[in-house]
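Engineer: Residues per chain, in single letters:
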Amino acid sequence: MTAYPERMGARPLHWLLSLPIPIKVNLVVAIFVLIIVALISIGYGGMELLSGVRAYVGGEGLWSKSQKQALYSLTKYARSRDEADYQSYLHAIAVPLGDKKARLELVKQDPEYGIVYRGFGEGRNHPDDHWIMSRLFKWFIDVQYFRRAVTIWTEADEVISEMLARGDELRTGIVTASITAPRIEQILVEVEAIDKRLTRLEDDFSFTLGEAARWAKGLLTKVMLAAAVAFVALGTVLGLMISKHLRTELAALGDGAVRVAAGDLDHRIPVASRDEVGRLTETFNAMTANLAASRGEIRKLNAELEQRVIERTAQLEAANKELEAFSYSVSHDLRAPLRGIDGFSLALLEEYSEKLDETGQHYLRRVRAGSRHMAQLIEDLLNLSRVSRSEIHRVRVDLTALARAIATELQRTQPDRRVTFVIADGLVTEADPGLLRAMLENLFGNSWKFTRKHAEARIELGASDRGGERAYFVRDDGAGFDMAYADKLFRPFQRLHTMEDFEGTGIGLATVQRIVLRHGGRVWGEAAIEGGATFYFVL
Amino acid sequence: MDKPFVLLVDDNPDDVALMQRVFSRAGVLARDEVVVARDGVQALDFLFATGEHAGREATLLPRVVFLDLKMPRVDGLEVLRRLRADERTKLVPVVVLTSSDEDHDLAQSYRLGANSYIRKPEDSTEFSEAVGTLGRYWFRLNRTPVESA
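Residue numbers (my numbering), protein chains in the order written: chain E, 1 to 539; chain U, 1 to 149.
Hints may be right or wrong, so weigh each one.
[Claimed, not checked] Only pairs whose alpha carbons sit at most 20 angstroms apart, straight line, appear in this in silico EDC-like list of lysine to aspartate or glutamate:
hint, chain 1, residue 1, chain 2, residue 2
1, U, Lys3, U, Glu57
2, E, Lys449, E, Asp465
3, E, Lys321, U, Glu57
4, U, Lys70, E, Glu322
5, E, Lys321, E, Asp333
6, U, Lys90, U, Glu78
7, E, Lys488, E, Asp380
8, E, Lys101, E, Glu162
9, E, Lys68, E, Glu192
10, U, Lys70, E, Glu379
11, E, Lys196, E, Glu155
12, E, Lys138, E, Glu211
13, U, Lys70, E, Asp333
14, E, Lys453, E, Asp416
15, U, Lys70, E, Glu324
16, E, Lys488, E, Glu430
17, E, Lys453, E, Asp482
18, E, Lys196, E, Asp142
19, E, Lys321, U, Glu102
20, E, Lys65, E, Glu162
21, E, Lys321, U, Asp103
Quick caveat, the hints were computed from the structure, so don't treat them as lab data.
This is chain U alone, in the form it adopts within the complex (with noise of 0.2 angstroms):
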């Protein structure tokens, strides 16, 4: 895989499947340009080609990390501290798209180095506009230093 995709880290199988839906019915990324992870162990395995991901290309990063907090393992919150600790990682930017709307898991995230933190909307209708606009912004418009690479 030398193409450009996305790593959505959730494990919720719901969320997950919503937004793959949402992602090719918006024609924003097919499926194949979405890697998913279902906890933090394997988000960081992945990230860092280690265990399962043990021999991938580990200077192929994603154009950006859609990331859950709340996840069994290892949190989003610790995803994200070890992201920004590894001069690998540091640049790729992390979207945080949590159900939670608590004051401390939003500073938590920005002290930490997230690019965005969006709640994911309970009504499916704005949910799907939500996640469709930032699959267009992310991966389409934005620009990051890390694709050169």
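Next comes chain E alone, as it looks inside the complex (with noise of 0.2 angstroms):
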């Protein structure tokens, strides 16, 4: 495996970033849930709050009537004496004690909720109330607000018992008759006094809940805000993080792509994350590793190639030099013999022919024939040897004006003959001008040569579609050959004829092929024995 450099390594909060990107949405779209899911929890808590402290006031009004009742109805009692006056004090006063049994109840350790809701019921407080009105006790006794009402409402119980007591004492003084005026009146003053402290206190209860609510409200607000505050950032913070990250990942990977894209093979891109865009990443590095490793394997190759060309350019170069030698000395060494070997039979002719008798004289016209042929010979090799080391100079060549020009040369050369020159209009190409009219020359004075025994004779040139190739052709109607010796056609000194049928070197077609091949084409021939022949060439 690759080792990536500039890895960024273990971060706070790494974790995060390294999780796939669809979660990564997910969590922040959590965190707005949560957000809301907490304010509705907390909006919820807040209203059973302010409904417990709704019920505490509710539940003081009921109690402050149900004492001024009792008191009423007490102080009626006293002058009525009427049996139903106290029933209807019982029952007033049966209010506070049922919210004292209940708040009893509660004080303790592990309070008995079946005797806390019965005493809330008979202190006539709503079945609903009565759950919130146990909690709120619990859970908030500890707040300064609540514990001081709990401490008034303790207090008005104590001076609850106090009116009880006198009550009872009127009670029983009236039914066993034993009571005097003076003490039921001052059984009332007292009365008045304990009704004038409770008066107080449940003043002071009240304003005590009131307080309470504000701080409650006053607490609410504060979590709520705190709480949207707090997940707004936290979410907020997350968001913006992850999408800086990705930012960064993506920027930091279009840039490596550009840098690889320009050609840095060697560049890699910091891999900093495991997410969707990190193992992108990682691939991206290794495929531009890969694509390192095969560029430099291609420039070794192409250097080993490069190598070899050169080697294989130094060999030709050698060998063409080896090859200018050799022609050069042809040229000049064995040429020179042949002039003394010709000079010297003209000058016998010339000089001493009537010393020669006339088979001496032929013979010597048999040497100076050997003499020119071995000279042509030595023309046409070095014709053939100079195609060969030739530069080739392609640039467009007009076919139809050269092969007309080669037409009138070869006239000139024979104006008796009637040949028939049949030369397509049009025909341009791109070649070396010099090897192309030499291989024309030699095509074109093979024709005129194997239509020498014809009377009349037609040679053409054109060009046809061989293959999808535009072929030229030369074409005659003289001796021809026969196709079964076709593969010996274009092999230097092979000749299809005897030179008392046609005189020649056997090396025309042979330089003809040269050339072609030099120009990356091919030649062919077709022929049939007295039937004519074509040539094809594709340049």
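Using the hints, put the two standalone chains together into the complex.
Structural biologist: So this is what it looks like as structure tokens:
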């Protein structure tokens, strides 16, 4: 495996950045869902809290009303001594007593809620409020306001006890007729005093509950604000972090891709996380490494290839030099003796012919003919070698004009021959003009030679489409040749006719083939004995 | 020797003999009007009156030099180069007469200042005609500033 540099390693929250992208997005969404759930919960809790406070306020109202009713009924009973008034008193006083029962149970370590609810019920509180009233008592007893309210409540209960004692005394006195009128008056005065104290306590209780409600409202507001701010901040920070991280990663990947595309295959993109982008980056780096390796391989192969080309070129140049030296020496050294042979033969014929008989002169002429043929062979060989050595300069060549010039030249050498040249118009190709001329001279020369025995002849140059290629052809209606020997046609010194029939060195078609090959083309011939010959070439 | 002459530089005795035969048969040049050098060294020695030709009157220059190219020791192109580099021989007409039809030889000869380049014809009849024509033209007809010197 490849080791990647600059890995942004162990950072806080790295685990978070390494999460897959969909999970990151879900996480941010989850945080905002959490905010809503939290706010709903806090809101509900707050409503419950305030509802509890409201229940206590309501309870206090009932408590106060019942206490006043009790006072009134007791006072009335003292005057009327009517049993119904006393029952009314008992009925009214049951409310504060019920509440007291609930309070006494609630202050216990492990209160029994059946008793608590029954107490609240006797206090004529609505059953739906019983639960929240108990909860509020237990949860907030340590809160300053609630503790004070409970203290006031306890104090009021004690005062109620005093009132109960007066009530009991009055009742017993009246039922047993043992109470005096002054005592009744005195009790009424005392009860009046008790009522005053209770009224003050009731005010205090209401005020304290009001304080508690305001405190609760303030607390709730703060909690909600704090929670909202905290969660929104958390969500925003996470969201920003993730998006910044993604942006950085993608930017690094983009920049890296641009550099790699520009050819810097040694560049590696820092892998910042294990998420999809991180894995994509790793894959990209691996791909770049592979590309770099392939490029290295290609460069190495290229260098080897270049080296081989240099070596081959050097060998080729050496071979060419050798061939050049050979040609040079052939053209100087092989021709000189021939000139001597022919020259002195001529001198003999010119100066000593009267001393030679007819046979002697014939032999001398044979010597001259032999040396001339030898000279022609050397000439053709040198041409063949020159064709192999010369550099190719491809330019636009007017084949039609070239062929017409060669035809005119041939006609000039033997004006009495009746040969019709049919040369197609507008034949233009890209080739080396010198070599193309030499090739066409050879082909036309052959046609000219091999039609010699016909009274009338026709030599043609044209172009045709052969298997999608443009092939030029030179066609004659001369002696032709046997297709059985077609494979020998282009080999040097190979001849398909005897010297008696047609003179020649057997190098012409070899030269033609060499020229076509040097142009990267092909040449082939089709013929029949006495049916003419056609040579096709593709350049 | 103070009458006009030509310098024939050729290492092939056959060619020399055949050319002298043509010159005399055509009545263009007598034997004693042809000075023969067998290679470049002999040619240069003759022209600059050095070596075996030390003491020769160096101001006597040939009307034309017939110069072969491929020769032992110093070749024809080198002779031509030295001839053209020297004030005394700079203007002497030089006709290159060679069996070579290599493009390189032809181009290099003219580049070095040859006045003419003739390929020796293979056919002896043509050869005779060419040599006769050359002698007549360069020795009889052509005029150069050299002979007045």
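Engineer: Against the 20 angstroms threshold, does the CA-CA distance of lysine 449/E and aspartate 465/E hold or violate the hint?
Structural biologist: violated, 28 angstroms
Engineer: Verify the proposed pairing of lysine 65/E with glutamate 162/E, using a straight-line Cα cut of 20 angstroms.
Structural biologist: holds, 18 angstroms
Engineer: Would you check the hint for lysine 453/E and aspartate 416/E, treating anything up to 20 angstroms between C-alpha atoms as holding?
Structural biologist: holds, 13 angstroms
Engineer: Would you check the hint for lysine 321/E and glutamate 102/U, treating anything up to 20 angstroms between C-alpha atoms as holding?
Structural biologist: holds, 14 angstroms
Engineer: Given the hinted pair lysine 90/U and glutamate 78/U, is their alpha-carbon gap at most 20 angstroms?
Structural biologist: holds, 14 angstroms
Engineer: Holds or violated: lysine 70/U with glutamate 379/E, Cα cutoff 20 angstroms?
Structural biologist: The hint holds at about 18 angstroms.
Engineer: Starting from lysine 196/E, check that the Cα of glutamate 155/E is at most 20 angstroms away, please.
Structural biologist: holds, 14 angstroms
Engineer: Taken at face value, is the distance from the CA of aspartate 333/E to the CA of lysine 70/U at most 20 angstroms?
Structural biologist: holds, 9 angstroms
Engineer: Are lysine 101/E and glutamate 162/E close enough, with their CA atoms no more than 20 angstroms apart?
Structural biologist: holds, 17 angstroms
Engineer: Need the status of pair lysine 68/E, glutamate 192/E: alpha-carbon distance at most 20 angstroms?
Structural biologist: Given pair lysine 68/E, glutamate 192/E holds - Cα atoms ~11 angstroms apart, limit 20 angstroms.
Engineer: Would the hint linking lysine 3/U and glutamate 57/U be met if the CA-CA limit is 20 angstroms?
Structural biologist: holds, 12 angstroms
Engineer: Just to be careful, I want the Cα atoms of lysine 453/E and aspartate 482/E compared with a cutoff of 20 angstroms; is the pair within it?
Structural biologist: holds, 17 angstroms
Hint check: violations occur at hints 2, 3, 16, 18; the rest are consistent with the structure.
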